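Chemist: Chain residues, written in single-letter form:
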Amino acid sequence: MTDPFAIEIEELVVVRGKNVVIPDLSVRVPRGCVTGLLGPSGCGKTTLIRAIAGIQRLRSGRVHVLGEPAGTPSTRERVGYMTQNSSVYPDLTVRQNLHYFATLAGTGEGAARAALANVGLQDKADALTAELSGGQRTRVSLAAALLIDPELLLLDEPTVGLDPVLRRDLWQLFGALAADGTTLLVSSHVMEEAGRCDRVLLMREGRLIADCSPDELRRRTGQTDLEQAFLTLAEGSAA
Amino acid sequence: MTRTLATARRVLQQLSHDRRSIALIVVLPSLLMTLFKYVFDGSPAVFGRVGPQMLGIFPFTIMFLVTSVTMVRERTSGTLERLLTTPLRRGELILGYGLAFGVAALVQALASSATAIWVLGLDVNTPWAVELFAVVDAVLGTALGLLMSAFAVTEFQAVQFMPLIVIPQLLLCGLFAARASMPTVLERTSDVLPLSYAADAFTTLGRTSGFGSHLAKDLAILAGCCVAALAGASLTLRRRTP
Ligand SMILES: Nc1ncnc2c1ncn2[C@@H]1O[C@H](COP(=O)(O)OP(=O)(O)O)[C@@H](O)[C@H]1O
Ligand SMILES: [Mg+2]
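So the protein sequences, as listed, match chains A and B. Residue 217 in numbering that gives the first Met the number 0 sits at position 218 of the first sequence, and the numbers go up by one each step. Residue 1 in numbering that gives the first Met the number 0 sits at position 2 of the second sequence, and the numbers go up by one each step.
The set of hints was computed from the structure by calculation and includes no laboratory data. Bear in mind the structure is a predicted one, so any value in this text is a computation, not a measurement. Misleading hints may appear alongside valid ones.
[Unchecked claim] Example chain A residues on the side facing chain B (calculated, C-beta under 7 Å, incomplete): (1) I54; (2) R58; (3) T82; (4) S86; (5) L91.
[Stated by the list, open to error] One-sided and incomplete, this derived list gives chain B residues near chain A with beta-carbon spacing under 10 Å: (6) H16; (7) R187; (8) P241.
Beta carbons: idealized from backbone N, C-alpha and C, even for Gly.
Can you build the whole structure from these sequences, using the hints too?
Modeler: This is how it looks when you write it as structure tokens:
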């Protein structure tokens, strides 16, 4: 494991239906930190994450994850993925959902309990997932991604629709996981969340318009507000 | 293997939270058998002759419906996509489904044939063989449901496969007219439809006792169709989607 990058993408092109969603993208994501993938809705964040998870059909280009092509059996054991829409079973209880995903990953009951505590849902363990609120279902989905103790965590808009306290707790959790050596790629369309990340990838219309730390972003654009920084860069890249 | 069993368990847990599906699977075929018997109250010979066929056809139809809708739900809700990013292999997923609905099919076949034989007085020579073919028919319904779910985008479309996949097989399987008396084209068509062999087996079971080579051949063909449909279903699962 001398390779310092968890994700390496070269000349990626993705076409979905008639849309060229990612025209040409190359990027490397370092290990052991929280990288934010930020950009407005529809810019291609989910598509890029799907490519990294190995479930997106590619037109061309290479996507390597933890030193191997994305989607191989060995990477699937080491990569956790939380989809944008909750992808747990509404007709199972929270506990049954987590137990199933834990068994698929080969981890035990303890991991399921810890993941439940991490997302603050212990008191809902025996509730039917369909009877939870949207935000709670998102957290069950997140717990299912956390419980495999992955080397790389792909989280697609995990904080959407959550209350500020919970959002803060989750970002602290992401930081703690990164401190333990996990690599996290977290997408969001809320620019101010960029400030929570070690690095940010700013995306617009399928292209990266920045790949740097939040401080560097502020310095480069002369803006303290990250929303403004994005606007400055977006206008610059359009010109 | 662990992942196959975990998947089967998960599917059964889902079923157990859905009372209607349980009723549909366990109780409905027995009720239909009862209805069938009293519809032919005036001519009990018909119940005696066609009753065993129904023990195969009800489970086939119901399990086809339940399985295809469940699998389409898995495909459209995002959970399938999520599963395919875990170490779970496609064959394990399909086998897990097959196993779970196989268990449901077993319960169904036992319930409906017990009702038919011991409550409604259906006279069969080899009850265990009737059970066996009823279960195999139900598993065949499951396997075809898993396969056809690949061609449906919504649950409504999955239901639309019922008349397309099930009814022609019912018409051609020899239940309404002997296959040998059909025009050649239809007879040849019925040769490649699995339900024809199920109907043939139940006809044989109604006429003879014991388990001869003819029944063994029907069983082998039906089992082969199950395996082919399950293999086809796992090939239609694409890990990478557009
Ligand atoms: N299945 C699909 N078929 C065709 N186009 C799609 C499909 N999914 C997404 N797109 C298009 O790809 C673009 C990027 O979508 P997405 O990756 O979901 O963006 P984001 O996650 O940033 O909101 C959008 O313009 C969307 O319309
Ligand atoms: Mg998205």
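Chemist: Can the hint on R58(A) be confirmed by a CB-to-CB distance to chain B that is less than 7 Å?
Modeler: violated (10 Å)
Chemist: A closest beta-carbon separation below 7 Å is what the hint needs, so does T82(A) meet it against chain B?
Modeler: Interface hint status for T82(A): holds (5 Å vs cutoff 7 Å).
Chemist: Would the stated hint for L91(A) survive a check requiring a Cβ distance to chain B of less than 7 Å?
Modeler: Holds. Min distance 6 Å.
Chemist: The hint names I54(A) as touching chain B; please verify it with the least Cβ-Cβ distance against 7 Å.
Modeler: holds (6 Å)
Chemist: Would you check whether P241(B) satisfies its interface hint, that is, whether its CB is within less than 10 Å of any CB in chain A?
Modeler: With a closest approach of 5 Å, the P241(B) hint holds.
Chemist: Please verify that hint: R187(B), Cβ, nearest Cβ of chain A, below 10 Å or not.
Modeler: violated (39 Å)
Chemist: Grab the minimum C-beta distance from S86(A) to chain B and call the hint holds if it beats 7 Å, violated otherwise.
Modeler: Hint on S86(A): holds, closest Cβ of chain B at ~4 Å, below 7 Å.
Chemist: Return the status of the interface hint for H16(B): holds when the least beta-carbon distance to chain A is below 10 Å, violated otherwise.
Modeler: holds (5 Å)
The structure fails to meet hints 2, 7 from the earlier list, while all remaining hints are met.
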